[in-house]
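Visitor: Next come the chains, spelled out residue by residue.
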Amino acid sequence: MTKNQKLIYLDHAATTPLASEVLDAMLPFFREEFGNPGSIHAKGQSAKNALEKARQSIAEILNCEAEEIIFTSGGSESDNLALRGILKKGDHLIISEIEHHAILHTAEILEKNGIELTKIPVEKNGILKIEKIEKAIRKNTKLISVMLANNEIGTLQPIREIGKFLQKNHPEIIFHSDAVQGGGILDLNVKHLKVNLLSLSAHKFYGPKGVGILFKKKGVKLNPQISGGNQERGLRASTENVAGIIGCVKALKLAEKSRDEEFTRLTKLRNYFVEKVLTEIPRSRLNGNAEKRLPGNANFSFFGIEGESILLRLDFEGICASSGSACTSGSLDPSHVLKALKIPHEWLHGSIRFTLGKSTTKKDLDFVVVKLKKIVQDLRKISPLV
Amino acid sequence: MNNWPYSGTVKDHFFHPRNFLQGDESDFAADGVGEVGSPACGDVMKMWIKVRDGKIIDLKWKTFGCASAIGSTSMLSEMVLKNGGMKIETALKITPADILKKLGGLPQNKIHCSVLGDKALRAAVENYLEKKGEPKKKPSKIICECLGVSERELDLSVAAGERTFAEFQRKTKAGTGCEKCVAKINKLLAKKIDKYSDKACCSFCKKDCLGKTSRTND
Chain A
1 MTKNQKLIYL DHAATTPLAS EVLDAMLPFF REEFGNPGSI HAKGQSAKNA
51 LEKARQSIAE ILNCEAEEII FTSGGSESDN LALRGILKKG DHLIISEIEH
101 HAILHTAEIL EKNGIELTKI PVEKNGILKI EKIEKAIRKN TKLISVMLAN
151 NEIGTLQPIR EIGKFLQKNH PEIIFHSDAV QGGGILDLNV KHLKVNLLSL
201 SAHKFYGPKG VGILFKKKGV KLNPQISGGN QERGLRASTE NVAGIIGCVK
251 ALKLAEKSRD EEFTRLTKLR NYFVEKVLTE IPRSRLNGNA EKRLPGNANF
301 SFFGIEGESI LLRLDFEGIC ASSGSACTSG SLDPSHVLKA LKIPHEWLHG
351 SIRFTLGKST TKKDLDFVVV KLKKIVQDLR KISPLV
Chain B
1 MNNWPYSGTV KDHFFHPRNF LQGDESDFAA DGVGEVGSPA CGDVMKMWIK
51 VRDGKIIDLK WKTFGCASAI GSTSMLSEMV LKNGGMKIET ALKITPADIL
101 KKLGGLPQNK IHCSVLGDKA LRAAVENYLE KKGEPKKKPS KIICECLGVS
151 ERELDLSVAA GERTFAEFQR KTKAGTGCEK CVAKINKLLA KKIDKYSDKA
201 CCSFCKKDCL GKTSRTND
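Going down the list, the protein sequences come from chains A and B. Sequential numbering from 1 applies to the first sequence in the numbering used here. Sequential numbering from 1 applies to the second sequence in the numbering used here.
With the rest of the complex left out, here is chain A (with noise of 0.2 Å):
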């Protein structure tokens, strides 16, 4: 992008900006309220209780208890330590094929180490079929994963229905769900979910990067993967990131306060995106279920067009976005989502992930569509498979 020209960020389920109300909250603890919230003295005592009140706040949002809530550096901590934590040599594990790679690396090394692993296909639509995870549960099967919401397409999980599934018939089988994408626009109640832990991280909901949850079931077995202190209750070592808790909760608790809202205004806007695209440029498609999906993802493809340079181009307009193809993947690979929903590789390669959020508007779609237009035009023209 060019000095001067405004910039258009749709890239917020890579990160959201912090709020401005949530630096605010966090200002103290790194200046004033600096204590160490294990010290028994005043300053340390300070530090404490506001981390417990801060852990108070998220347990009222979860619906659950607050010596349920681990405190972590991450959405992918929070996975990690959800599998890690739990599975042991001979456990087997169910996860969708579509995980993100938190989950879905993990898993694949646990699997080497002697954990066995089965990978759920989803349908072309990019949800999962729960009959396919009943099918698949064995005597040993100690954890089943699967996220709320995709990171990359937005689709939405049946994860209630899973839970209740499992509630009902596998009381033993421990549920966890990686909600990083849901967090600050879907309902978090453990409760609904029906889940024995859940993964969220602050960044994707305007709080600080570094700091991520874990909701952990009452009863539920884990071991600590980082040692070295007592702190969260002996599950996860390491001095309290204090302000940053601070800041994941404020920004939960704004989130939360206009969730419905929200999720209203960007269900519209996207839509109305959308649309627009499919009608306005020949030979787009939009990648994943047109309903249950996130509110603000939008992920298209474009026949013949490698993403990367559409990327680059929407770039040069000050028009953030994303892409799933092997030349942004840094792997050479192009996404295992988009591989999973069997869409040919003329398309695949050309695919752009457009997510919107609290500062978007009708207007910067618009001017994204008018340049989106001519950019698609321009590389067709310099492609041999158009």
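No lab work stands behind these hints: they were computed from the structure. Keep in mind that this is a model prediction, so the values were computed, not measured. We put the CB at the ideal spot given by N, CA and C, even for glycine. Heads up, some of the hints might be wrong.
Ranges of calculated distance between the beta carbons of each label pair, as one might list FRET restraints [as the list claims (entries may be wrong)]:
1) B:Glu-179 <-> A:Pro-121: 18 to 24 Å
2) A:Pro-344 <-> B:Lys-195: 36 to 42 Å
3) A:Pro-171 <-> B:Lys-171: 53 to 59 Å
Following the hints, position chain B against chain A.
Guide: Frame of chain A; chain B shown alone:
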């Protein structure tokens, strides 16, 4: 713009690609056409050339590829067409490294995308020679379709003392596309190493000497 992942030259060629084919293919009336890559790998490069008196006087291309592929092929086309065109033999001597240098470098993970233009040019020249009925060198079997790497390159690698796929890949980028060829190349590599090891490589040994002693002075 400071936050750009590529050099200024790459950016210029990406936003203003030179010599790509506009309009209909048949209007260009090419003397040779080459196409490499496949949609599965996420890269397709097609190139058309016109040849007069052994000189490439015109060249056009099209790509289904990323900024690296676009930038490097655009640069290659300029290099070939400079001063009225390059002799075929000279053009074939252009290496991906030469293009990289002109571009002011590329990020490490994007280098594999930049070799496509070069491979497509070779394919176009071969096609031209074939059409002309000129005796051309028997082409070596391609073992990596995406990057157009030939078996001969593997032979050369083994002959140079390289014994691992990683070494071969570092040099040729083979197997960095769709990766379907990796297992096959590994097998072939094992065979070739075996074959190589059968011959005494120095005056002291018959087998298993390779890798243990330096062969360079033998």
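Visitor: All hints are to be evaluated individually against the structure, with a verdict given for each.
Guide: Hints, verified against the model:
Separation of B:Glu-179 from A:Pro-121 is about 20 Å and conforms to the stated range, judged on CB atoms against 18 to 24 Å. The hint said 36 to 42 Å for the Cβ distance between A:Pro-344 and B:Lys-195, and at roughly 40 Å that hint holds. For A:Pro-171 and B:Lys-171, the Cβ-Cβ distance of about 57 Å falls inside the hinted range of 53 to 59 Å, so the restraint holds.
Hint check: no violations occur; every hint is consistent with the structure.
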